[in-house]
Amino acid sequence: MTTEGFISLFCKETGEDPVNIFERGRQAGWLEVQDEVFRQDPITRKNVARILHMYLLKVKNIQDLDIKDAEVLRDLYDCRVCANHIAQMYLHGVMDAKDLMEGGRFLWFDLDGEDSDEVNKDHIRRLLSIR
Amino acid sequence: MDRPSPIEDKDLRHDSFSRSDHRTKRLPAMGWNSWNAFGSGNTEELTRTMVGKILELGLDKLGYEYIVLDDGCYMPVRIEGRLAADDVKFPSGFGKLSDFIHANGLKFGMYNDIGTKLCSGIEVGICGHEKEDCEDYVKWGIDFIKVDNCYYPWDNATFADTENARFTFAPNIKSIEIDGITHEAKDAIITGTRAEVKDGYVTFIGTYDGTAPDRTPVGLQSSELIWEILSDKDKTSEFNVTYATGREEGIGEWLQAAVNDEVFFDGLLPATESPEEFVISDTISIRLHKGTNRIRLMNHRRQENTLQSYTRIRQELDKAGGSNITMSICEWGKTQPQDWGHKVGDSWRILNDIKFQVGSDGTPGKASWNDDYTLSITSQYNKAVIMDEFSGLTKGWNDPDMMVIGMNGIDDTMSRSHMAMWCMLNAPLMLGLDLRKVSKGDAVHNIISDEDLIALNQDPLGIQAKRIFTTIECEEPDKEYIRDIRRIDVLAKPLANGDLALAFFNLDKETRADDPKISIELILDKIGSKMVNRDLFANASGFDIRDLYTKETVRTTDRIFSAGPLGPCDSKIIRITPAS
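Sequence lines, in order, name chains F and A.
Each residue of the first sequence is one higher than the last, beginning at 1 in the numbering used here.
Each residue of the second sequence is one higher than the last, beginning at 1 in the numbering used here.
Fair warning: there could be bad hints in the mix.
[Claimed, not checked] Okay, derived cross-link-like pairs now, BS3-like style, lysine-lysine, Cα gap no bigger than 25 Å in a straight line:
hint	chain 1	residue 1	chain 2	residue 2
1	A	K25	A	K117
2	A	K319	A	K10
3	A	K437	F	K58
4	A	K319	A	K233
5	A	K25	A	K61
6	A	K131	A	K117
7	A	K440	A	K107
8	F	K68	A	K479
9	F	K58	A	K517
10	A	K437	A	K479
11	A	K437	F	K60
12	A	K235	A	K290
None of these hints come from the bench; they were simulated from the model.
Note that this is a predicted model, so its numbers are computed, not measured.
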């Protein structure tokens with residue numbers, strides 16, 4: 001799924017007006033300029049996490065949880081600039097980690113992985129359920 | 001380019017690192033950086049507001065002068081080959097913002113990265129664009145640049161290809177052959193603590209990765225493999241090496257080889273099937289001298305490549321007219337920058353970040369007092385406190401990262417100790433909070449504007465405090481890397497007017513009753529050689545003791561100093577003046 005496809009899906013699920021959504025999202029602080037410039041690129045899980053987290057902060061005004069509780073994710077600190085986005089989406093139950101060993105012994109967020117359209121739709125729906 | 005450039009300048013070689021040729025003699029930088037407060041969400045409007053707050057709070061008068069835009073301010077690609085401001089966040093552009101900052105009597109700082117991308121992933125890393133980017137930075141009137149290390153093509157840095165380790169480690173070495181005589185690696189001299197013998201070969205010839213807090217910075221953090229070969233005359237000899245390559249931390253493909261200090265090979269060897277399938281290299285001629293020759297196999301490219309990359313930026317800034325620009329090296333301690341940072345920069349980060357839960361407009365972010373990784377005040381302090389011998393006016397400063405005062409998770413006591421630590425350690429004092437939440441006279445303002453503490457940091461003698469005692473048993477408190485926070489540390493810092501600052505830090509999150517008694521004799525023994533007038537202290541009939549927190553001064557004839565029990569994360573800082 002491309003970033004543009006994800007944003008279209010996001011608008012459909014959330015009811016956001018898709019007209020000029022990139023510009024308005026950037027003005028509101030939940031989209032970045034690279035989302036607009038590279039809108040045709042496949043969207044990675046770390047970028048989904050960033051967009052959804054910033055939407056939660058900027059639009060839904062939901063405060064962050066303590067990142068410490070996400071340290072079970074083995075790859076959390078592989079990305080200095082997106083660690084908090086990933087942590088918040090995991091802790092709020094919006095995005096799941098992959099359990100590479102049984103019993104949660106090796107939880108892997110898979111920062112650079114890509115999700116299917118259905119999984120991304122599920123992420124958005126979970127986000128919208130947060131109160 | 002598929003590999004690092006040759007190193008033509010001997011000043012960039014590992015063998016020259018001990019030469020101190022720092023160009024400027026600046027005290028630690030002071031200012032505000034956008035990252036902790038706003039992450040990638042900083043904007044021109046927020047930055048202008050912070051400028052106003054710096055002035056309103058009188059912080060400019062205390063030395064806070066740099067306003068630094070961190071990651072998240074650029075367009076994600078160069079426009080006609082040039083860096084450009086994010087047109088939504090910074091609609092006036094960098095030049096106009098720079099003018100505004102300068103018009104308010106402050107200085108302007110920006111951010112880039114020695115890799116191909118910035119840490120945020122946008123493709124405007126300075127690698128390969130040093131000339132044009134530095135021209136633009138000078139055109140925009142920057143006074144300060146922080147340069148990160150993500151996506152670096154010549155090491156396995158953050159977001160870079162992990163196989164880049166092939167450039168920064170030598171292959172596994174089984175033996176060398178000189179004029180037909182085999183010399184086993186397992187019998188050679190191994191320097192440093194990095195390399196080791198394994199199954200008859202030597203592995204891990206390279207430099208320790210210092211990003212995480214698990215390695216001391218003190219002592220030799222890289223290894224070489226050395227044979228001492230006796231020659232009865234000056235002669236040309238045939239040389240080859242039996243090796244096996246890998247592309248992982250500890251096993252690479254890049255070999256440096258030298259006779260004494262003359263490098264005769266510096267490049268990639270052909271890859272082998274696996275790190276344990278050895279082959280014999282092509283034979284090359286080397287020059288041996290009459291007497292003992294030290295044949296050195298090594299790989300210092302982790303340090304040399306990184307230094308070379310920072311040097312390119314430094315040189316292009318200089319050429320463009322920006323020789324006064326302060327450079328903040330931010331490679332997170334990965335390549336042991338305390339060894340080489342003095343050649344090119346004004347400070348160098350010593351570890352990965354102090355926090356990852358950064359703030360955004362309206363949310364302060366969260367930091368910690370202690371943490372198993374680098375993400376806390378004490379994680380950074382524990383390493384910086386044993387690095388005093390690397391810093392100084394003629395070298396530069398250890399940088400334990402921007403301050404986290406004002407973030408959630410840090411109370412007033414922690415904040416005060418944090419400020420005092422950074423001041424005693426001569427760390428750059430970069431505020432990282434949303435200054436809109438600070439008012440004149442409130443607790444945070446009192447801490448960040450404490451003139452007595454700032455005076456320690458900016459003392460013109462420029463000597464980082466030395467840890468002279470700790471309540472945890474150890475033989476060398478100034479050198480041993482201690483990560484257990486259940487302790488009180490005592491640091492001593494000589495000052496330019498002949499005074500001495502003495503700090504007692506309770507690292508523990510519990511009250512500690514142990515009450516270290518520090519004698520004048522201990523102080524003189526540990527740091528007397530760095531004091532302006534050692535004898536004045538040794539022979540003083542009494543001392544004026546100023547408590548820098550209570551601001552009270554008392555005179556004493558006592559030659560023993562103590563703090564009394566210290567509460568959780570608390571500290572006591574005194575300034576001692578010998579009575580005349």
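Hint-by-hint comparison with the structure:
Note on K25 (chain A) and K117 (chain A): the hinted pairing is violated, with a Cα-Cα distance of about 31 Å set against a maximum of 25 Å. Of the supplied pair hints, the one linking K319 (chain A) and K10 (chain A) holds, its CA atoms being roughly 20 Å apart against a limit of 25 Å. Only pairs whose Cα atoms come within 25 Å are accepted, and K437 (chain A) paired with K58 (chain F) is accepted, the gap being roughly 19 Å. A threshold of 25 Å between alpha carbons decides the hint, and for K319 (chain A) with K233 (chain A) the separation of about 47 Å lies outside it, so the pair is violated.
Taking the CA atoms of K25 (chain A) and K61 (chain A), the gap is near 21 Å; set against the 25 Å cutoff, the hint holds. In summary, the hint linking K131 (chain A) to K117 (chain A) is supported, as the alpha carbons are separated by about 16 Å, within the 25 Å threshold. Between K440 (chain A) and K107 (chain A) the CA atoms are separated by roughly 22 Å; this keeps the pair inside 25 Å, and the hint holds. For the proposed pair K68 (chain F) and K479 (chain A), the alpha carbon gap of about 30 Å is over 25 Å, so the pair is violated.
For the hint pairing K58 (chain F) with K517 (chain A), the CA-to-CA distance comes to about 53 Å; that exceeds 25 Å, so the pair is violated. For the suggested pair K437 (chain A) and K479 (chain A), the alpha carbons sit about 39 Å apart, so the restraint of at most 25 Å is broken. With a C-alpha separation of about 22 Å, the suggested pairing of K437 (chain A) with K60 (chain F) holds against the 25 Å cut-off. Of the supplied pair hints, the one linking K235 (chain A) and K290 (chain A) holds, its CA atoms being roughly 8 Å apart against a limit of 25 Å.
Of the hints listed earlier, those the structure fails to meet are numbers 1, 4, 8, 9, 10, in rising order.
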